[in-house]
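A.B. asks: If you want the building blocks of each chain, they are given just below.
2 protein chains.
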Amino acid sequence: MADYCSPSSVDESTSSSSDKQCQSLDTRVFSKNACCGTTTRLTNQNGVVQPLLTDLYQITMAYAYWKNGMCSNYAVFDLFFRKNPFHGEYTVFAGLDECLKFLQSFNYSHSDIEYLKSALPPTVEHDFFTYLHQLSPKDVTVYAIPEGSVVFPKIPLLRVEGPLPVVQLLETTFLTLVNYASLVATNAARFRIAAGQHIKLLEYGLRRAQGPDGGLSASKYAYMGGFDGTSNVLAGKLFNIPVKGTHAHAFVMSFSSTEDCNLKTLTHRTTGEVKDLMAICQKWLSELSGFLHILSDEASSGELAAFVSYAAAFPDSFIALIDTYDVIKSGLLNFCAVALALDELGYRALGIRIDSGDLAYLSIIAKETFNKIAQRYEYPWFSSLAVVASNDINEETILSLNEQGHKIDCFGIGTHLVTCQKQPALGCVYKLVQVNKRPCIKLSLDVEKVTIPGKKNAFRLYGQDGRALIDLLQKVEEPAPDPGKRVLCRHPFQESKRAYVLPSKVEPLYKIYWDKGKICEPLPTLQEVREHVRQSLFHLRQDIKRSLNPTPYKVSVSDDLYHFMHNLWLENAPIGELS
Amino acid sequence: MADYCSPSSVDESTSSSSDKQCQSLDTRVFSKNACCGTTTRLTNQNGVVQPLLTDLYQITMAYAYWKNGMCSNYAVFDLFFRKNPFHGEYTVFAGLDECLKFLQSFNYSHSDIEYLKSALPPTVEHDFFTYLHQLSPKDVTVYAIPEGSVVFPKIPLLRVEGPLPVVQLLETTFLTLVNYASLVATNAARFRIAAGQHIKLLEYGLRRAQGPDGGLSASKYAYMGGFDGTSNVLAGKLFNIPVKGTHAHAFVMSFSSTEDCNLKTLTHRTTGEVKDLMAICQKWLSELSGFLHILSDEASSGELAAFVSYAAAFPDSFIALIDTYDVIKSGLLNFCAVALALDELGYRALGIRIDSGDLAYLSIIAKETFNKIAQRYEYPWFSSLAVVASNDINEETILSLNEQGHKIDCFGIGTHLVTCQKQPALGCVYKLVQVNKRPCIKLSLDVEKVTIPGKKNAFRLYGQDGRALIDLLQKVEEPAPDPGKRVLCRHPFQESKRAYVLPSKVEPLYKIYWDKGKICEPLPTLQEVREHVRQSLFHLRQDIKRSLNPTPYKVSVSDDLYHFMHNLWLENAPIGELS
Numbered sequence: 001m002a003d004y005c006s007p008s009s010v011d012e013s014t015s016s017s018s019d020k021q022c023q024s025l026d027t028r029v030f031s032k033n034a035c036c037g038t039t040t041r042l043t044n045q046n047g048v049v050q051p052l053l054t055d056l057y058q059i060t061m062a063y064a065y066w067k068n069g070m071c072s073n074y075a076v077f078d079l080f081f082r083k084n085p086f087h088g089e090y091t092v093f094a095g096l097d098e099c100l101k102f103l104q105s106f107n108y109s110h111s112d113i114e115y116l117k118s119a120l121p122p123t124v125e126h127d128f129f130t131y132l133h134q135l136s137p138k139d140v141t142v143y144a145i146p147e148g149s150v151v152f153p154k155i156p157l158l159r160v161e162g163p164l165p166v167v168q169l170l171e172t173t174f175l176t177l178v179n180y181a182s183l184v185a186t187n188a189a190r191f192r193i194a195a196g197q198h199i200k201l202l203e204y205g206l207r208r209a210q211g212p213d214g215g216l217s218a219s220k221y222a223y224m225g226g227f228d229g230t231s232n233v234l235a236g237k238l239f240n241i242p243v244k245g246t247h248a249h250a251f252v253m254s255f256s257s258t259e260d261c262n263l264k265t266l267t268h269r270t271t272g273e274v275k276d277l278m279a280i281c282q283k284w285l286s287e288l289s290g291f292l293h294i295l296s297d298e299a300s301s302g303e304l305a306a307f308v309s310y311a312a313a314f315p316d317s318f319i320a321l322i323d324t325y326d327v328i329k330s331g332l333l334n335f336c337a338v339a340l341a342l343d344e345l346g347y348r349a350l351g352i353r354i355d356s357g358d359l360a361y362l363s364i365i366a367k368e369t370f371n372k373i374a375q376r377y378e379y380p381w382f383s384s385l386a387v388v389a390s391n392d393i394n395e396e397t398i399l400s401l402n403e404q405g406h407k408i409d410c411f412g413i414g415t416h417l418v419t420c421q422k423q424p425a426l427g428c429v430y431k432l433v434q435v436n437k438r439p440c441i442k443l444s445l446d447v448e449k450v451t452i453p454g455k456k457n458a459f460r461l462y463g464q465d466g467r468a469l470i471d472l473l474q475k476v477e478e479p480a481p482d483p484g485k486r487v488l489c490r491h492p493f494q495e496s497k498r499a500y501v502l503p504s505k506v507e508p509l510y511k512i513y514w515d516k517g518k519i520c521e522p523l524p525t526l527q528e529v530r531e532h533v534r535q536s537l538f539h540l541r542q543d544i545k546r547s548l549n550p551t552p553y554k555v556s557v558s559d560d561l562y563h564f565m566h567n568l569w570l571e572n573a574p575i576g577e578l579s
Numbered sequence: 001m002a003d004y005c006s007p008s009s010v011d012e013s014t015s016s017s018s019d020k021q022c023q024s025l026d027t028r029v030f031s032k033n034a035c036c037g038t039t040t041r042l043t044n045q046n047g048v049v050q051p052l053l054t055d056l057y058q059i060t061m062a063y064a065y066w067k068n069g070m071c072s073n074y075a076v077f078d079l080f081f082r083k084n085p086f087h088g089e090y091t092v093f094a095g096l097d098e099c100l101k102f103l104q105s106f107n108y109s110h111s112d113i114e115y116l117k118s119a120l121p122p123t124v125e126h127d128f129f130t131y132l133h134q135l136s137p138k139d140v141t142v143y144a145i146p147e148g149s150v151v152f153p154k155i156p157l158l159r160v161e162g163p164l165p166v167v168q169l170l171e172t173t174f175l176t177l178v179n180y181a182s183l184v185a186t187n188a189a190r191f192r193i194a195a196g197q198h199i200k201l202l203e204y205g206l207r208r209a210q211g212p213d214g215g216l217s218a219s220k221y222a223y224m225g226g227f228d229g230t231s232n233v234l235a236g237k238l239f240n241i242p243v244k245g246t247h248a249h250a251f252v253m254s255f256s257s258t259e260d261c262n263l264k265t266l267t268h269r270t271t272g273e274v275k276d277l278m279a280i281c282q283k284w285l286s287e288l289s290g291f292l293h294i295l296s297d298e299a300s301s302g303e304l305a306a307f308v309s310y311a312a313a314f315p316d317s318f319i320a321l322i323d324t325y326d327v328i329k330s331g332l333l334n335f336c337a338v339a340l341a342l343d344e345l346g347y348r349a350l351g352i353r354i355d356s357g358d359l360a361y362l363s364i365i366a367k368e369t370f371n372k373i374a375q376r377y378e379y380p381w382f383s384s385l386a387v388v389a390s391n392d393i394n395e396e397t398i399l400s401l402n403e404q405g406h407k408i409d410c411f412g413i414g415t416h417l418v419t420c421q422k423q424p425a426l427g428c429v430y431k432l433v434q435v436n437k438r439p440c441i442k443l444s445l446d447v448e449k450v451t452i453p454g455k456k457n458a459f460r461l462y463g464q465d466g467r468a469l470i471d472l473l474q475k476v477e478e479p480a481p482d483p484g485k486r487v488l489c490r491h492p493f494q495e496s497k498r499a500y501v502l503p504s505k506v507e508p509l510y511k512i513y514w515d516k517g518k519i520c521e522p523l524p525t526l527q528e529v530r531e532h533v534r535q536s537l538f539h540l541r542q543d544i545k546r547s548l549n550p551t552p553y554k555v556s557v558s559d560d561l562y563h564f565m566h567n568l569w570l571e572n573a574p575i576g577e578l579s
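Residue numbers (the UniProt record's numbering), protein chains in the order written: chain A, 1 to 579; chain B, 1 to 579.
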């Protein structure tokens, strides 16, 4: 498949083999960004990810715990969400790598401590700051679902255990790192599903992103979720993502006539002869104008000058933005003339980009024109010139373009992808489920907000067709379900909703990622996580993935956990009195 | 006015005097974050803000300009938006300071150049990289409207002039820095207008923000737009914003009974006697239970233990989150008991926070209870205990709570503020309006998308009541309008919409902020910009600011500019042919 979007750093066919090397290079580059206070943080993480990137109440609670002698209470927190985003029935989990890197570099610097002394009331005891300064996540254990997995409501993505104040202090930063990452990865996966596997998807959202890092994170997680590249150069440099781009309307507008084209010649690729590119383009323009019945006067000569200049600079990767003046009367004609001229000099143009108007109609016209020229001049390669479309595209636009039989080969997607316009926040929460050995339940008038207490394990049960059937939460003490053995799965809240499931395969969802102060599971590269997203989505039934009225995926608890939870609920819920 | 939200770094009454000192301290701290490649960037800016934080096409266009000998072409770009966000009729301009700091540190490092060599096709000439490496914005001039000003569609916020490739290379980063900043500042200003001047507004959005820097930027620009503080500790440290916070549900849940409270005593503030705080609380609990007709059995003893522990840690700034179990039957009762006990020991509690349920109803009940106790025990201070409300609050929630006569003193606002859920992106664009002396016009089938060509000045004309009447764009050659002299203002696109305006004051909107490689206008502190937002909004008529069907503010062009623009339009628009 042709590489539709001209200059790019990464040849995708070779990228996976060089990933690890490139990533470590990028890591070095990024780590220089990431120093703060007096401590240099040697992680490839944005420098603002540091222990003070948190809510003040985490620190005030830590002080109250400390003062109350609760520092060695052992707490278990679950990080989970209650509802899939975008009216969908699945979510792609992302951000784990960042959480682990945050743990790796977690410490309060001297300047942090000085600031906190000024931020907290003067009555806060000095020894607390000594405690904070020496605090580290060495006694914390993090269980998590692998990054890039498809995940569902109520199943904890992370289970974080350790000393109460320490695990409490991780809450806000973990949520910040998981919420947006998972939201964008999910959004990207939805665009991928809407567009199909054979369309190229490029992320163009930096200028509309929520802050500079919003843009950088979006590029990374859009790629993870299934995009093919980004326009964001820094994301390319830091994460080894293919970067793509052509030119803007301003480039075309900066030329007013063919006189503005100072570089009219191009060297023939094989013969080395210097040829007058502009003259050859003009010859083709007049030829095509007759053949396509378009007045050559209507075509902008400034646009032609811009295309010739751009083609002379990038003869091997020429893509033209053709909607500055008029797609059909000007841009398409000028492009075809330049593409045919390039061919005479031994070069192959790549295609066009359309950034306004009726994208289905214009792409069909463009492809028809390409086909006509291919036939007329016996240039079969002309039929495979690519059509790139951009302009405020969202998931629904793609679905509608599909229905109209568009001929677009590549979508450039910005605002809707990176800001997740349809739902700009994922609501992950971080809830206390156990302290010392005591399970905790958070009651709520809204049943769906009641938390599932205690320390739990999670399993994904697969059917005979290899597709995921149901996720099952159990108490950690319970043995894992066995493949081929019937297991009773219950709805966590609705008593009568139960099913026996006969799994052909049982996948334990958690691995230990952080223990004894270290990352204890090899972390995959971004490219490997991207592949895992693809695989994980592949094992999900089609009806769960569809855009309109998708079937909910089932999330269940074991019979044991069901009774445990409901007994605790009754114990804790006050009996009201009506009078 | 009481400081409703306990521990805070900044006493607001003194903050303005110490701003400058603190800001320079913060700048030092932040600048350590901001190094990249081999160059240390000495700005208080997120390290990811660097020349590669851009779209690849800016670089490919720069190469085509360079190769075509257009590097000294003098270009003028306008940065503007076409539509106010949130169905409103005004926008608060923010992000200028960041753009200027970006210019200050603008240069391509060796590692940037190395990366670009790998990202661009091998045919790109080596001398271009030498050009890029030495490129600086020394010949760029930036005219801008002061940060924090109320601004309107079509009026350029920035006019950026200089060598074509250089000003082109600034596009994406400038848009990234202005779009989200202005969006959040505007959103915050809208919340402020909805809540009124006497309610405290706190930003609680970090965990739901779009990436770590999304959270940090949100805290900064929410404060600029009119919020009083943030929960984000790093934002407090870096930008000298008051930080606020109490405790979470997890804190309450980590106590199961009064036995879990290890720190039951508190020293009397003035006498120094050590007293049994828990016992005094229990005495008050039983007393209040009778007086308020609430069964003391229904009140959670775990919650009481948590409140006592928190009060013992922060006796001078006690705020309790009262909705973990039941606001009326448990939380409110426990809080009042602890507040009265604290009073016996010489301390004043601050108030409560409610994070769920019917906020209007619960705040009214809480205030009634406070008033009853104030009367019964002759403690007038009890009436002024504060009610803080949070839980997915947006502008409409506040307007509806206003109608219900809520008794809330302070709102904590997260997701809707920081992700700007109602409209998560502002659509600022950066358009070429002149090259060398030639004006450029971008045509479009959508009239509203046609750009206003040429180099322009902007003025705000005020009426006799001191309110802003209309904004006026003129060609730079035209003399500024005179106060007291009639000026013809025309709608830029609709021929018949014209008005004579008699301004009592004329405000030129632009200042030169960047010239000859330097910031050439003293930059205000964040606190000063915040005050400018307030002033600028004050001069806007009420009907333009209202939430429902606001009146559009008028944006006009001079008669000269009108004719200039429409002539150019006709010259450039092809005459179609129907057959």
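Quick caveat, the hints were computed from the structure, so don't treat them as lab data.
Where hints are given, some of them may not hold.
The list cannot tell twin chains apart, which means a pair is met if one copy fits it or any two copies do.
Stated by the list, open to error - Only pairs whose alpha carbons sit at most 27 Å apart, straight line, appear in this in silico DSS-like list of lysine-lysine:
1) K516 / K367
2) K475 / K367
3) K117 / K516
4) K475 / K437
5) K275 / K67
6) K449 / K422
7) K442 / K275
8) K83 / K422
9) K485 / K442
10) K505 / K372
11) K138 / K329
12) K275 / K485
13) K283 / K67
14) K497 / K516
15) K518 / K449
Nothing here was measured: the structure is a model prediction, and the numbers come from that model.
A.B. asks: Compare the structure with each hint and give your call.
C.D. replies: These are the hints, each one checked on the structure:
{"no.": "1", "hint": "K516 / K367", "verdict": "neither (60 Å within a copy, 49 Å between copies)"}
{"no.": "2", "hint": "K475 / K367", "verdict": "neither (59 Å within a copy, 43 Å between copies)"}
{"no.": "3", "hint": "K117 / K516", "verdict": "neither (29 Å within a copy, 42 Å between copies)"}
{"no.": "4", "hint": "K475 / K437", "verdict": "within (13 Å within a copy, 75 Å between copies)"}
{"no.": "5", "hint": "K275 / K67", "verdict": "between (82 Å within a copy, 16 Å between copies)"}
{"no.": "6", "hint": "K449 / K422", "verdict": "both (23 Å within a copy, 24 Å between copies)"}
{"no.": "7", "hint": "K442 / K275", "verdict": "neither (77 Å within a copy, 32 Å between copies)"}
{"no.": "8", "hint": "K83 / K422", "verdict": "both (14 Å within a copy, 19 Å between copies)"}
{"no.": "9", "hint": "K485 / K442", "verdict": "neither (33 Å within a copy, 68 Å between copies)"}
{"no.": "10", "hint": "K505 / K372", "verdict": "neither (54 Å within a copy, 63 Å between copies)"}
{"no.": "11", "hint": "K138 / K329", "verdict": "neither (67 Å within a copy, 41 Å between copies)"}
{"no.": "12", "hint": "K275 / K485", "verdict": "neither (75 Å within a copy, 62 Å between copies)"}
{"no.": "13", "hint": "K283 / K67", "verdict": "between (85 Å within a copy, 24 Å between copies)"}
{"no.": "14", "hint": "K497 / K516", "verdict": "neither (41 Å within a copy, 72 Å between copies)"}
{"no.": "15", "hint": "K518 / K449", "verdict": "neither (33 Å within a copy, 55 Å between copies)"}
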